[in-house]
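Undergrad: Top line first, the protein sequences correspond to chains Z and V. Note that my numbering has the first sequence beginning at 22, numbered continuously upward. Note that my numbering has the second sequence beginning at 22, numbered continuously upward.
For the record, the hints were derived by calculation from the structure and aren't laboratory data. Be aware that one or more of the hints could be misleading.
Which copy is meant is left open, because identical chains are indistinguishable; a pair holds if it fits in one copy or across any two.
Derived SDA-like pairs (lysine to any residue); straight-line CA-CA distance at most 20 Å [to be verified]:
| # | residue 1 | residue 2 |
| --- | --- | --- |
| 1 | LYS392 | ILE267 |
| 2 | LYS24 | LYS63 |
| 3 | LYS341 | ASN50 |
| 4 | LYS45 | LEU301 |
| 5 | LYS254 | LYS344 |
| 6 | LYS346 | LEU398 |
| 7 | LYS352 | LEU371 |
| 8 | LYS45 | ARG305 |
| 9 | LYS420 | ILE229 |
| 10 | LYS352 | SER380 |
| 11 | LYS107 | LEU80 |
| 12 | LYS244 | GLY255 |
| 13 | LYS24 | THR52 |
| 14 | LYS24 | GLU336 |
| 15 | LYS59 | PRO69 |
| 16 | LYS63 | LEU130 |
| 17 | LYS133 | ILE229 |
| 18 | LYS24 | GLU404 |
| 19 | LYS45 | LYS344 |
| 20 | LYS24 | ARG338 |
| 21 | LYS344 | ASN402 |
Number of protein chains: 2
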Amino acid sequence: MNKLNIGLFGFGCVGSGLYEVLNKSNLLNATINKIVVKDPTKKRSLSPSAFSYNKHDILDDPEINLVVELIDDAEAAYDIVTTAMKNGKHVVSANKKLIAEHLEELIQLKEKYNVSFLYEAAVCGSIPVIRNLEEYYNNDSLDSIQGICNGTTNYILSRLDKEGKSFDEILKDAQEVGFAESDPTLDIDGFDSKFKLQILLLHAFGLITRPEEVLNLGIRNIKQSDIRFAQEKGYRIKLISFAKKIGEEVRAFVAPQFVRDDSFGYNVENEFNAVSIEGLFADRQLFTGKGAGSYPTASAVLSDVSALQFSYDYEYRKFKRNKLKWNDEYKIRVFVSTSEQESLQKIEFLTVEEEFISSHYSYRIGEIEIKQLNHQLYRENPELFISFFGEGILKDLQKQEEFVLAH
Amino acid sequence: MNKLNIGLFGFGCVGSGLYEVLNKSNLLNATINKIVVKDPTKKRSLSPSAFSYNKHDILDDPEINLVVELIDDAEAAYDIVTTAMKNGKHVVSANKKLIAEHLEELIQLKEKYNVSFLYEAAVCGSIPVIRNLEEYYNNDSLDSIQGICNGTTNYILSRLDKEGKSFDEILKDAQEVGFAESDPTLDIDGFDSKFKLQILLLHAFGLITRPEEVLNLGIRNIKQSDIRFAQEKGYRIKLISFAKKIGEEVRAFVAPQFVRDDSFGYNVENEFNAVSIEGLFADRQLFTGKGAGSYPTASAVLSDVSALQFSYDYEYRKFKRNKLKWNDEYKIRVFVSTSEQESLQKIEFLTVEEEFISSHYSYRIGEIEIKQLNHQLYRENPELFISFFGEGILKDLQKQEEFVLAH
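Full structure from sequences and hints, please.
TA: Have a look at this one:
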């Protein structure tokens, strides 16, 4: 068993959770030697003498063989993580933004400097999804993966479904109870869910994507009328990170979806996360747990630390086989609603199945080219709410494939 | 990657599933070289020339480096598995009875002959529970594990809850549709759930138990009045494999439990399996999936085969640390019902919370010593239905501990 001398960056919710967890479970051959934080004036649970404010105190310390990076700032994290690797230190990180933006480079670096790089806590907190994709589902028989990976949006959507309040009111409440950040963009616009989806795509299908390649629609534009529409039709609306393999191609996106009570996500409520993994033979597996919070996230970090004692590392076997292709040219069935009827024209429908028009609320359901949708369109048109349909989404994508094959 | 030449024992539901799965997913460096079956007269999907009927064709073949054992007969399986290990072959098995009855010896043998022994398919089919306990939850911070590990009893209980029929009628139906064996004893009397619990105890808590040490109460004695009682009180009845660590001790049993809609198992219906893992820090993780069936079980076998290509093996770290003790002397809150009032006397209550008496149905709720309960009592008194309470069971066990500590 390797003795681990940890240099910890960050002492927020997860960092201080890890500190407690490591102290309480004295079963690991691991100690936190140094803690580096940014702001000397911030009040913390340990005395100021426990902290350093200079990153080199960790990065240049030859005693420290593991850097645990738990800070918010993805750019500073990039600097820390890459320097740590170059200095021959193993790295554990929970920073999905950092990882999603620099996947390829980080894998190259860790191989070049022969260190381990683990990040189970970056996706769905305490749910061991990366480890399972990497180890258990390592034989390429996966068909699809769906996740509710962002607790903030799921909490907001759950409350929208139960209360008559508007999105803005619920968001404000969520911020007050600490379930949403003061700048909620990363969460409510689906960026956080997308970063996690990108990491899932790598470990499920061996695919490296750029953030700008993967569509993320958020929930910021949702109206009370959309919630009522969903309820009348027996749906709930969930923000889902979705990926599906068809033949040798993978399609993936983050978007709100209408889901029925027999579909993935319907019963995943409040701040809970869930991942559904469907395989050719294993049928559907569902993993549910807490996706955020101090202890659950810290426990995922702890499990990575524990695995490092036995020299564990991700092997990226699927990525190295590199068989699957990215596909973002296909048709999909969507729901588009608006308070201003004429805005419906902004989206070009190939076929229209249903259209509802009234003075204050209108919607259209039909098929469109997914290429039409992009984050800019979503952000520039706050009157438009766009949602996919969970039921039949797999079938629709398959049908499209059959159509393509038939040509 | 190791090239695996497989000798397959058994070509029933799972064996033939594995054959198809291996053929369809040509991603593994593994081939089935020989298949040995018992009955030459049985009709099978492959021509008779594909089979051998002599176990030595596999066991003595130096080319074969992996034996996959998928037969029903636990005694014949013991002979096959131990001989295979002695002949230096890796073994994958789905035989929970074999494994539960010979845990210690099998671990010794596999270490002595330096072979791998994997059996993910033995517990909850496609749900990767053993691998996760072994690898991800390897740092001793687990508090409890609960499982619905037997699809047959869960299917029967789901139908009992929905239909007005008797246990015997539903069992007969289940046998006709292939969801129950012609001899249902192992399933309905909780033996199958117990064997799986024993395997979970080893990988969750490092504890080796003898089958006769672990209490298993089944569902054979359930009456329609018990179902109605549960429904009136907002419960469902589930057969749960239960294990909890308190301090340095572990308590475990298989018994029917009344569960509420916010407790483990309530929403696990029909033939589905589920496992809930609670940790000191990770909060509760829930894994749901198909526990039986040809492809789901075969996919778990496939994942073991796939892991063997990378020389994976269970490490039994918790067992080797050997810290936890088995405890079967404590009090528990139970529900005992009967059609014959005087039978209630057969169980000695320490305290009685509730008692209901009528000409055709009576029950008592209260605290008893768990030592009073044993499988013989359950089998010899078909008029008695015994169930625990899911809600508060963790608390009750904890309270008991406080009581013990206070002495």
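Undergrad: If a hint holds in the structure, say so; if it doesn't, say that too.
TA: Hint check results:
1. Proximity of LYS392 and ILE267 under a CA criterion of 20 Å is satisfied intra-copy only: 18 Å inside one chain copy versus 56 Å between copies.
2. In this assembly of identical chains, the alpha carbons of LYS24 and LYS63 never lie at most 20 Å apart, being 31 Å within a copy and 57 Å across copies at closest.
3. In this assembly of identical chains, LYS341 and ASN50 lie within 20 Å of each other by CA distance solely across copies; the values are 16 Å between and 32 Å within a copy.
4. For the homomeric pair LYS45 and LEU301, the shortest alpha-carbon distance between copies (9 Å) is at most 20 Å, but the shortest distance inside one copy (42 Å) is not.
5. For the identical chains of this complex, LYS254 and LYS344 are neighbours neither inside a copy (40 Å) nor across copies (55 Å), given an alpha-carbon limit of 20 Å.
6. Taking the closest pair of Cα atoms, LYS346 and LEU398 never come within 20 Å of each other, the shortest separation being 26 Å inside a single copy and 61 Å across copies.
7. Taking CA atoms no more than 20 Å apart as the test, LYS352 paired with LEU371 passes inside one copy only; the shortest distance there is 9 Å, against 67 Å between copies.
8. For a Cα distance limit of 20 Å, the shortest separation of LYS45 from ARG305 across copies, 18 Å, qualifies, whereas the shortest one inside one copy, 36 Å, does not.
9. Neither within a single protomer nor between protomers do LYS420 and ILE229 lie at most 20 Å apart by alpha-carbon distance, with minima of 26 Å and 51 Å respectively.
10. Taking the closest pair of Cα atoms, LYS352 and SER380 never come within 20 Å of each other, the shortest separation being 30 Å inside a single copy and 66 Å across copies.
11. In this assembly of identical chains, the alpha carbons of LYS107 and LEU80 lie at most 20 Å apart only when taken from the same copy (10 Å versus 50 Å across copies).
12. For the homomeric pair LYS244 and GLY255, the shortest alpha-carbon distance inside one copy (17 Å) is at most 20 Å, but the shortest distance between copies (35 Å) is not.
13. For the homomeric pair LYS24 and THR52, the shortest alpha-carbon distance inside one copy (8 Å) is at most 20 Å, but the shortest distance between copies (41 Å) is not.
14. Only between protomers do LYS24 and GLU336 lie at most 20 Å apart by alpha-carbon distance; the minimum there is 19 Å, versus 22 Å within a single protomer.
15. Proximity of LYS59 and PRO69 under a CA criterion of 20 Å is satisfied intra-copy only: 12 Å inside one chain copy versus 72 Å between copies.
16. For a Cα distance limit of 20 Å, the shortest separation of LYS63 from LEU130 qualifies neither inside one copy, at 33 Å, nor across copies, at 57 Å.
17. Only within a single protomer do LYS133 and ILE229 lie at most 20 Å apart by alpha-carbon distance; the minimum there is 19 Å, versus 43 Å between protomers.
18. Proximity of LYS24 and GLU404 under a CA criterion of 20 Å is satisfied in neither setting, with 56 Å inside one chain copy and 58 Å between copies.
19. With identical chains, the CA atoms of LYS45 and LYS344 are at most 20 Å apart between copies only, with a shortest distance of 17 Å across copies and 44 Å within one.
20. Proximity of LYS24 to ARG338 under the C-alpha cut-off of 20 Å is restricted to the inter-copy arrangement: shortest distance 16 Å between copies versus 27 Å within a copy.
21. Taking the closest pair of Cα atoms, LYS344 and ASN402 never come within 20 Å of each other, the shortest separation being 38 Å inside a single copy and 61 Å across copies.
This entry does not satisfy hints 2, 5, 6, 9, 10, 16, 18, 21, going by the numbered hints stated previously.
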